[in-house]
Amino acid sequence: MKSRFLRATLTGEYKWCQLFSEPGSGSDLAGLTTKAELDGDEWVITGQKVWNSGAHKAAYGILLARTNWDVPKHKGISYFAIDMRQPGIEVRPLRQANGYSTFNEVFLDEARVPAANIVGDRDNGWAIALTTLMHERGANTARRPKFRNVAAGRCVAEAAQESAEYFSTYSWYPQRAGRPDLVPVQVRETGQEHDPVVRQQAMIIATQERLNRWTVQRSIAARKAGRPPGPEGSLAKLNGSLLARLCNRAHSEIVGPAGMLIGEEGPQNGMVNEVLISTPAMSIAGGTDEIQHNIIGERVLGLPKEPGTDADQPFRQVRTNLG
Amino acid sequence: MANDSIRDEVRAWLDEHWDPTLGVVEWRNKLADSGWGCVTWPVEWYGRGLAGSYEAVVREEFDKAGAVGVAAGVGMSLAAPRSSPTAATT
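Here the protein sequences line up with chains C and D, keeping their order. Everything in the first sequence is counted per the working numbering, starting at 1 for the first residue and increasing by one. Everything in the second sequence is counted per the working numbering, starting at 1001 for the first residue and increasing by one.
These are computed hints drawn from the structure, not numbers from a lab. Note that this is a predicted model, so its numbers are computed, not measured. Glycine included, each C-beta is placed from N, C-alpha and C at the ideal position. It is possible that part of the hints are untrue.
[Claimed, not checked] Not close to chain D: a few residues of chain C, all C-beta gaps over 10 Å, as computed:
1) THR9
2) GLN96
3) ARG112
4) ALA115
5) ASN149
6) VAL300
7) PRO314
[Claimed, not checked] Dumping the calculated DSS-like pairs for lysine-lysine here, alpha-carbon to alpha-carbon at most 25 Å:
8) LYS305(C) to LYS75(C)
9) LYS146(C) to LYS1064(D)
10) LYS35(C) to LYS2(C)
11) LYS57(C) to LYS35(C)
12) LYS1030(D) to LYS2(C)
13) LYS2(C) to LYS57(C)
14) LYS1030(D) to LYS35(C)
15) LYS146(C) to LYS1030(D)
16) LYS1030(D) to LYS1064(D)
17) LYS146(C) to LYS224(C)
18) LYS146(C) to LYS57(C)
19) LYS35(C) to LYS75(C)
Construct the complete structure from the given sequences, taking the supplied hints into account.
What follows is the structure, encoded as structure tokens:
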């Protein structure tokens, strides 16, 4: 089983999606309520997942579901590899405020997973999930391969096609990050380069953008040198949200009401409008700013853990939106 | 193992095996069998059991040869990542 999964993932025959977040548990991921019950040699899964990129094309999903309700929330979660093409799974596309549709919601109604497809031990999925989340925070550093010579042959052409399809999901991510590169362009095009307030904003953004880039470079250099990942991921993520917000405000003040125009009529072919609508997602996706604060507080500054009333309570007794 | 010997080894392998006329799945099955697609994976699971620090060298040689690497996507970034995580970027 492991052999088939790994080989087919490497070759691209199996596409995957992530089934972690739920409508009622995003930041409090450990409070998830999708349930998995053992029936003979199969797990039966019922629940709802959300923000699932690529779920409509995926052959398999990495899924978190609750397998034990009588222990605290972090201790009753299991990690599964689930076949997405089965009657118990319905994938519905979500349409975003910025006009794109790159996520889905996934409904699981007695979907089935062979007992062998549990990853790690039963009830021990949380630790594995944390590793996946660390990879997710770093996933944007994934280098987009360049296929210079598509005419070279079938192999290059097929790989280029696959890559274009995959990365099209993320075409709005630069706008989500605020497009700091467009700030000086817009300042000049609107003739505001001598306005001291505008100049100050542009300089703060340029400074923040470089700080961010260097944090990421330090992290990549550390990894290349074989050192384990440090807190840079959370620091860079948090800095990225701050930069996106600064850009949002600057773009909005520089272009004024024209920022409401979408498409070709809008500034920078509508990219400014896309920035204004997309940047709030930066503070949410892949772990909210508040979650990054917690991680930095606990792991970097050594502060006491965030007080929680439900961390030691059996999950069955925790109040959830299940009622 | 020194970077240079890994570099020589991957270059020699690509010289002998890289064939742009293959289908991409057929080619990647060769990567799986040789371990050159995911060098940080264990030898028994399609890798070469190398430290993450060798990935850059291997990637450079693939780039020089214009050779296709393993699949892009959620599978290789989250379900079966190649090495330890790095910081997020924007």
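Quick rundown of the hints versus the structure:
no. : hint                     : in the structure
1   : THR9                     : violated, 4 Å
2   : GLN96                    : holds, 18 Å
3   : ARG112                   : holds, 19 Å
4   : ALA115                   : holds, 19 Å
5   : ASN149                   : violated, 6 Å
6   : VAL300                   : holds, 13 Å
7   : PRO314                   : holds, 30 Å
8   : LYS305(C) to LYS75(C)    : holds, 17 Å
9   : LYS146(C) to LYS1064(D)  : holds, 11 Å
10  : LYS35(C) to LYS2(C)      : holds, 24 Å
11  : LYS57(C) to LYS35(C)     : holds, 24 Å
12  : LYS1030(D) to LYS2(C)    : holds, 18 Å
13  : LYS2(C) to LYS57(C)      : holds, 21 Å
14  : LYS1030(D) to LYS35(C)   : violated, 40 Å
15  : LYS146(C) to LYS1030(D)  : holds, 21 Å
16  : LYS1030(D) to LYS1064(D) : holds, 19 Å
17  : LYS146(C) to LYS224(C)   : holds, 21 Å
18  : LYS146(C) to LYS57(C)    : holds, 23 Å
19  : LYS35(C) to LYS75(C)     : holds, 14 Å
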